[in-house]
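Student: What follows is the residue order along each chain.
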Amino acid sequence: MDREETADSLFLERLRSRDERAWARVMREYRSGILGACLRRIGNREDAEDICSEVFSRGVRGIEGFRGEASLKTWLHTIAAHLCWSHHTVRGRSNHMGLDQIPQREMEGGALNSEIPSPDRVAGSAEIRSALDHALATLDPVLREAFHLRVVEEMSYDDIARVTGVPMNTVKTRIFRARERLQKQLVEHR
Amino acid sequence: MMMCDAWSEDLSAWIDGELDSRRAREIAQHLQACEGCRGALAGFQHVTLLMKAAPRPRASRHLTDPAMALVRKLSRERRGTPAWRSLFEPFWPKFSLALSGAAIASLLAIIVGHNYFFSNPYGRDLTDNPRQESAAAEAPVGPSIQSTKPTISGELAVADSAVGADRVATLARALGGDAYSVSTAGSSTVFVTVPPTKQGAFINGLSGLGKWQNTTGAPSLIGPATIGITVVQHP
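Those sequence lines, one after another, are chains A and B. The opening position of the first sequence corresponds to residue 1 in our numbering, with each subsequent residue numbered one higher. The opening position of the second sequence corresponds to residue 1001 in our numbering, with each subsequent residue numbered one higher.
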C-alpha cells in the first residue's frame, strides 16, 4: 500500500467515524459539482438543491457501504444519479435548466486549464452561450448526463460507467453522440 | 467534408485521453491525412471548450447543513455522548474543564475530611493538648503494648503475683481493653489499655484485686492511655 492509499484509507476511516472536519471537507469539495450535475439532469434549482442535500445525508449514513472500489466523488455522484432518476420517475419530467435561467449571482466561472482559452474568448458572446444552452436543452438526457460528467466533472469513462450503470463502450458512444449533436446544432445556429 | 465513420467515436475518445497509446498514434497519423476528420475534431473541441466554459451553479454552504447535523448526531451516538451535551457544544471545552475542576476539588475535600474524622473520632481539638494527641496516635493494641511507654504506672501488691497479673489482664479485657504481661522472678508487669470511659472503673477494679499505688501521681485519665502495672507479691 503506497502513501496515497494509506492516506485515503485513513481519511476513509475518519469519514466512517463521522469526523466533522473530514465530512466538512468532502462537502465543501463536492457540493457544487453534485448540485451542477443534478441541475443538468432535472432542471429545477429548488429540487436540485433538495436532492444535493439528500445525497450528502445518504453519504453520511451509508459510508460503511462505500468499499473504495471507485473514488468518493464517483460514489457520491452515483447516489445523486439514482436520486435524480427517482425524482424523474416520480415527477414524470426531465426539464433541463438553460444557462440563462440560472441567475448570474449564483454562477462562478468554469474551471479551465491554463492552456485552454479563457471562458470569455471561448464562450464568446451571450448569443453563443444561448445557442449551447438551447442545444443542451434539446439533447437526450442520457447524452447530456454523460457529456456533463466528462467535461464539467472531468470524470473518466470508467467512473461515468459506474455512475450511470452502463458499459464503458456505451459511455464512449454517448459522449461522441453528445459532441456530434451539439456541434451540429451550433453550426446550424450560425 | 465528412469525417470517417471508422474513426468517429475514437476521435471523441482521443480528445478525452481515453484511448490506449497504439490507437492514439493511429488517430494522430490519420488526422494528418484526413481533412474531414480534422474538421470534425475542431468542432468537437469547440463544443467541449464551450461546455467547460459554461457558468456553474454555486452551492450554498447551508445546503449541507442537514448532512453536517447528521454527522454530529451519529458522532455523538458513536461516542456515547448524551444528547443534552449538544446544548453546551459551543462552549463545551471550557465547561468540561470547569466540571473536571469541581470534581477534583470535591474528591480532595472528601479525602481530607475522611482523614480528619478518623484521626480524631471524638472531635477534640488536638492542638490544645499535644500530649493527648501523641497518646492518641500511639494508642497500642495487642502485642504493640509492650513497646509503648506507659502513661500511668503503679504497683499492685497481691498474695500471688502470677495470679494477680492474670486477674489484671482479665479485668482489662472485661472492660473492652487489652493486656500484655511480662513475668520475672517474684513479680509481673502488665501493660494495659482500656477505653477512656472505662479507665476509672479499671482503677477501681485494681483496688479490689490488691493494694494499688499510683507511682506517677494523679494523672487525669482522659483519652487512650497505657497503664503499666507492676504486680508484686505481698510479703
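Bear in mind the hints are in silico, worked out from the structure with no lab data behind them. Note that CB positions come from ideal geometry on N, CA and C, so glycine has one too. Treat the hints with care, as some may be off.
Heads up, incomplete: computed chain A residues facing chain B, CB under 7 angstroms, no partners named [what the hints assert, rightly or not]: (1) Trp23; (2) Lys172; (3) Phe176.
Student: So, for every hint listed, does it hold in this structure?
Tutor: Tested hints:
1. Trp23: Holds, because the Cβ-Cβ distance from tryptophan 23 of chain A to chain B comes to roughly 5 angstroms (cut-off 7 angstroms).
2. Lys172: holds, 5 angstroms
3. Phe176: Check passed: Cβ of phenylalanine 176 of chain A comes within 4 angstroms of chain B, closer than 7 angstroms.
Comparing the model with each numbered hint stated earlier shows that all of them hold.
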